[in-house]
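J.: Next come the chains, spelled out residue by residue.
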Amino acid sequence: MNPILSYIIFLPMLLSLLMGTIRVPLHVLRLGAILSSILVFILVLFVGLSFEPEGGMQFIRVLPWIEHYGITYYIGVDALSFVILALIALLMPLLYLYMWKEKRKGYWYNMMLLQTGVTGAVLSLDMILFYLFWETMLLPIFIMIGRYGNGMRQFNAMKIVLMTILGSMTMLFSILYLGYEFYSLNGWWSFALSDLQTLHFNPVTSIWLAGGFLLAFAIKIPLLGFHTWMAPAYGSAPTPTVVILSAIMAKLGVYGLWRFGYGLFEETLSYYAPIIMTLAIIGLLYYAVHAIMEQNLRRMFAYSSGSHLSLIALGIFLLNSYAWSGSLYFIATHALSSAGIFIMIGLLYSRVKSVRIDSLGGIASVAPRFAFFFTFFALSIAGLPGTGGFVAELLIIIGAFKVHVWIGILTATTMLTSMLYIFWMLQRTLFGSTNSSTMTFADLNIREMTMLVPIMLLLLISGIVPSLFFPLFEPQITATLQEVMLTIGGR
Amino acid sequence: MIEELFWIFPMMIVVVGAFVLMLLSQSLSLQKLNLVAVFFLSLSFLNELQRLGSGIVHYSFADIFGKMYIIDDFSTLFDLMFTAGAILTLLINSDYFKSRKYYTGEYFALILFSVFGMMTLAHANELVTAFIALEIASLSIYALVGYHKYNQISSEAMMKYMILGSMTGAFFMLGTALIYGAVGSTNLGDIALYINAPIANDLTLVLTGGTFIMVTILFKIGAVPFHAWIVDVYHGAPFPVTMFMASTFKIAIFAIALRLYLIDFSSVNIIWSEMLQVITVLTLIGGSFLAITQTSIKRMLAGSSIVHSGYMLIALSSIGLGSEMAAPAIMFYLISYFLSAAGAFGILSFIASGSTKVMTYEHFKGFSERRPYLSAMMAIFMLSLSGFPSTIGFLAKFYIFTSAIESGQILLAGLGILTAFISVYYYFKLIAMMYFYPSTQAQRHFPFDFSGILIGVMAMMVILGGVGTSLIPFLPSADGLIEIAKQAIESLQSGV
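Protein sequence lines correspond, in order, to chains A and B. Mapping of the first sequence onto the numbering used here: position 277 corresponds to residue 277, and the numbering continues sequentially without gaps. Just add 491 to the spot in the second sequence (first one is 1) and you have the numbering used here.
Isolated chain B (complex conformation) (with noise of 0.2 Å):
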């Protein structure tokens, strides 16, 4: 029994933060709450930190829950990656609540259920498991979403997030439903039994009940047509929450959607990959057409998005024609988005802790003479973004395309270059901003601060991510790192 606690220690300390969190709200200042909730999120970083790359698979309270929840190496990176992900909003952010009234101690503890509620959809193996996950988080981040609660827009940004995520969480119950109607269970392990037994089974409301499921991920993810609360929900929100969602709840999808369509569906995964074919060029040139009428960053970076879930969906529909490295190139490129995107969105809301104007790509002009430094690893990210060579953004795109090639969607390759030929005007629009105009204050400064110092580390490894060699020993740099997501996807496959 105390096993069994021991391995779901990094879920339970995150769950034991955001309780003692809210117990502390009112009596701590919100610095020291800051610090709270970074303690229990290192504690289980730490703790998946040295369980990762051990091969293990583990059905946690096996016989109490059956295999319902599951720990793997592909759990395990995502939960790294999840509470990377909120530690980096918190700390990148410190200085954003305090020139803001609105915020309150509950917010680090939404922070933290929300986090649990990824953790626990990424450990999901059972669908009512999942569905419950999904909606702790989800609703977590409705409220993190309106947390700016005298402000319309961003109680617009969450009615509109609430209804809509609502509505295609039913769809989610639905396909539950249906599925369990057919296979009378729920557990990922019987439904592939079930699809895959010897004498054909009825699959017609097994596949339903599957694409009903793939409707609430798409929405998730915000894939066209299921797009048009992202723009809205992203630019509403406060910036930290916008970061925390464009970084890490996007990918804790991924991480049922990959568990789901690579084990429970592997098999009749080829009847999706039609529609996800439709969707994804949906999405590419949706988001394109999205991001590039833009003018503030912060609508850009969600437009573009959207356009990121597009490759990742080429990648998806890949998985259904048969390409091994597909999955592994979803991974990387989860990987790679999270650094991207954390560190792009990190440095819009450390800019914006000082002001409260919307970021437009005007502010950013003479942007590398206020702040030389920061508007370098501004460049640096939205080089990655748009997939320039010597960052990890080109290494992802290369293994996504690459996967897409070996599946025959060539096409869809073509269309996949294309559009990242499209975003290289949008990113780069905005290092023409920071580099070619000169800047309106004149005053230069360098000032020292954790933040900064973050944000430096997240584009060095940006970098080291596209250029490292297996030459330096100790860090995953890009062959390390594709290296561990392929043993993540392994332990997935090992799994049932």
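So here's chain A without its partners, still in its complex pose (with noise of 0.2 Å):
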């Protein structure tokens, strides 16, 4: 019983909570943001010191929270959230370094509580817990779009929130009727994934309650046709929101997919599958396609984070160990790239007041170091060998071929398909001929490269020895993998 975690989650919210309630001045709130995202790290670092891969859950807390209903607070961590928690834990420093101009107050203090949130969503265990992280999250996201955000920010906040509260709805259907189900079987109450996942239902139910869980998922990550608020969400965040869209929160999709997907519903999801695949490989090619025609940069890089994701969700229905491992590590090394993307275009932006390509051109002549580090995360999304997207999409792409070959060909053209577009786009942004508004390009100062430094190191670590990183996550997958089989060929 370590209550290392709960610090973990609630150290930003509480700290930001107090610094509100007082209302200390800014650099007090960003000295404060600051120490509260290091000490969270350093509390990640033990816990990722003591962690054993081979362990299952750990750092296990049950507290009692709603008895009457048997809702407890439950967290814990395994390898699959370690690696989201360790990837929370690592941006958020960076992201307030990236931050550390801005003197909007409501800036801080929203980053701080999503900070709560997300980490929240990523380690409850208990389904109401992690429904409470999972909408609460919603909120910073809301007012940091529609108060901070530019273009159409107002009507973009609205759509984002009601769209992914409309899957969470649903979700809440689901886990209502598990936990009644639950109930009229035991005659206690519980929402325990753990002891949720001791039921049975027939097919027809389990469908439906399935379909609940799979459309708040599919609408996070998102998968085509759940995707109509990604690019205007993309394009309107303010850039730390976007990076945690992309590389956090779009992350949770998949990790709910698989923690509680996988974890509930094992059978039915045989039933989506199929669905699901068709949905995530047209989706690959569909946002590729739109990645190749954006002008907005943030916007191409939505699609293009839209359709890695695609990947990443194909993966995991695919059902072998080298998908399954090239999900998981796609799950970290994206969110390094996209967050390291993001960050750059945040950066243009501040310079030039615009994203848009056909306003830019020749900045590598001006700023060399912007555009080294700007080349290296593009091409780094496009899954550059010797970078950790590389590895990850030749894993799945293996496993897509050990599955059917035609799948295997369609999931390999994302790596054809994000050259053509990243390419393109390095070509008109960063080389030709300058024009008035990059004329004056102010290249990278200290600051900047110190986050960005971090991100490219553990980029080229993940791509160069990646037999560093795989035995955190290799046990349980093998462990789950079996478990998932076992019950799909047991029908």
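Honestly, I wouldn't trust all of these hints.
Said to hold, decoys possible - Straight-line C-alpha distance at most 30 Å; calculated DSS-like pairs for lysine-lysine:
no. : chain 1 : residue 1 : chain 2 : residue 2
1   : A       : Lys105    : B       : Lys920
2   : B       : Lys856    : A       : Lys159
3   : A       : Lys353    : B       : Lys856
4   : A       : Lys105    : B       : Lys856
5   : A       : Lys159    : B       : Lys920
6   : B       : Lys589    : B       : Lys640
7   : A       : Lys353    : A       : Lys103
8   : A       : Lys353    : A       : Lys101
In case anyone wonders, no lab produced these hints; they're calculated from the structure.
Since each chain comes alone in its own frame, lean on the hints to assemble the complex.
T.: Right under this line is the structure:
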């Protein structure tokens, strides 16, 4: 019963509430935010040091919350959630570094609350607790986009909130049904994931219930058809929020699919698998084509992010160890590289006040350091060999070929299409001749380099020596996969 | 005899207060009258507070009145909400009547009379008593709605409400008469005995009577198709009165509804559940449409209060289908709705005390820059009303939907969740208005006043009720409140 995870979850929120109520001045707020994120990072490091890859759920803490309905404060970490937890803990200090000059206080408060929301969602193992964090993390996003965003920010903030809540509501319905079913079978209430996993349903009910969960995750990822919030939201959100949206929130959709989809509905998912795989494959191509045509850099990488997340979702449904390892690895590496590229776009925007490709050009000649980092992150998105993304994509593609040759071929196009839009975009933004707005483009300063170098190093390490990281989640993947195969095979 | 007076002391003190206020209405200033009214109400509130949770069921003046007047945990909990609602209405709006010329001293007496009516309604164990109590409460409310007598909208609202309300009140009387015709008594215990008699009685008249009574109840809570008055009346009434009606009077109706349909008609409830289901569906959908199209915040909240009635109706029909959790769920929902609605209307009337404008969404543009604390509280109330997790509103909806699933009304639970989703739009719209637009007036101010603190306390309670764990001692948070609700329902069932 180690309380360390609770500290990790609630430290940023408590600190922000404290600072909010006593209305601290900006520099104290900034210091507090950065300190809290560094403290959380140290705590996460501590968790990582005593983490046992084969230990399953660790650092479990169960406290009663609403005893009448068996709702508990039940948190714990395993390999999968640790990967995302570590990503959040790593990205937050870097984002604060990015926000260093930000003068609007609400920005800082919301980011701190957001950290609590996403961390809590990753660590909670009680369905109601999970739902609580899953919903509340929307609130800072809503405020950030609507208040500090650009373009049609009010409309887009409303859109992302409504679409995501629609998914959450169907998930809530499924959760309630599961909880009640557990009660009627056992005579006592529980919403703990481990308890609900013992339930079995007839196929029809199960399909409906799984559908409730899947809608929530499909909107969050977003799969094709559930994606209309994505480009507008990415386009209007301020940079730190975009980073969180693409690096963390979208990954939470995949995480939910894995944790709750496979945790609760192993058999039923095989009913949905063809639909989701089709959507993912079409999405993969559709988003990529969209990205090629897009003039707005943020929207372009929104679509690119959608394309890669479809790939991850596809990998999860392929059900073999290559694809699963690849998907999990891609969650981590894509989070890093998309964080990198969106920070670069944010830096670009702060310099030239535009993210439209046709207003850029020739940056490489005036700002070589910027061009270097920009190219690196853009290529890491495209899966440049030597970066982690390459390893992950390769694994998923191998996994896809193992399932069916055509799935493999379609999946492999992702590398091709992403090369297409990345290189064309690089050519039009960094090279060519400078125009009036890029003429005086300031190169990266020390602060900006400090926040980019760690991401770059991690991407390189993950690409060159992936064997460093694989032992962390390999045992869990093998175990879960075996379990799933056993259930599906046993039908 | 003296002991009996002690039992009815909380009710008595309110009536006495009302008469004192009437006598003083010309001689004291409004501020002082306000404090006098609050004094009497607080006396009653404190007295009830120490009585809560005792589990005692007592029939007051049983030798004179029979079992007309019951005192149990159930009624105590409701009394607490009524007095708290009235106290909050009076204190939060202490600035409101300063800027309004039409306010006179009788206003406070009327509030106290209607609180007395509601309290009696919660205690009534007999249909005629219930009717008289309902009329005492309603008549005071009619007068309060039309309090701005030189204002056309206010007068129109009053006329509309009074005519429709009296007409539906007649249904209650008719139902009572029919039941009396069959049973030969209007005491709830006798009616229950008649219905559950070992040799089956002819229930036609009783059931018809019960349906008529239900019409009155549905009208008062604003269920579709009896909802036509609600938006106009809420709109026309002065802000404090709207706050009082929405947060307090609505709860009072559920007091009698629960007592009737949980005790009296418990074994035949199933007959109405189909009718209730249809009405619930209509209420949820109709209320959502009404709320979503409004531009004035007051009218939006009025429309959304119809939807909230719909949620409680879900649980009411679940009771009939044999859900154990439904009745405590309604109690919990009432507490949650009371806190959130009183808070939201409180903020509205608090803001309105300075101006005479109609509050539309537009007026809230940039509100967070002008009044950061107040807008944060408003956001909390909106989140709670929309059932966002980490507020008490979420848990309330959680209980309601679980009870619906328990009773097998899965589609109804689904519809409830869908309307909860729709409600996200019109509540979040207000949050968006407050936070997403720059302020038109530049100045920010943080006035330190009592009303603000009260609203703040309510916002804290909304949050505490949503996340508060059973780990925090002494404070009835999420866990404690459902316990209190359960006890109240148990005391109700043990009463017969």
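J.: Looking back at the hints listed earlier, which ones does the structure fail to meet?
T.: Hints that this structure does not satisfy do not exist here, as all of them hold.
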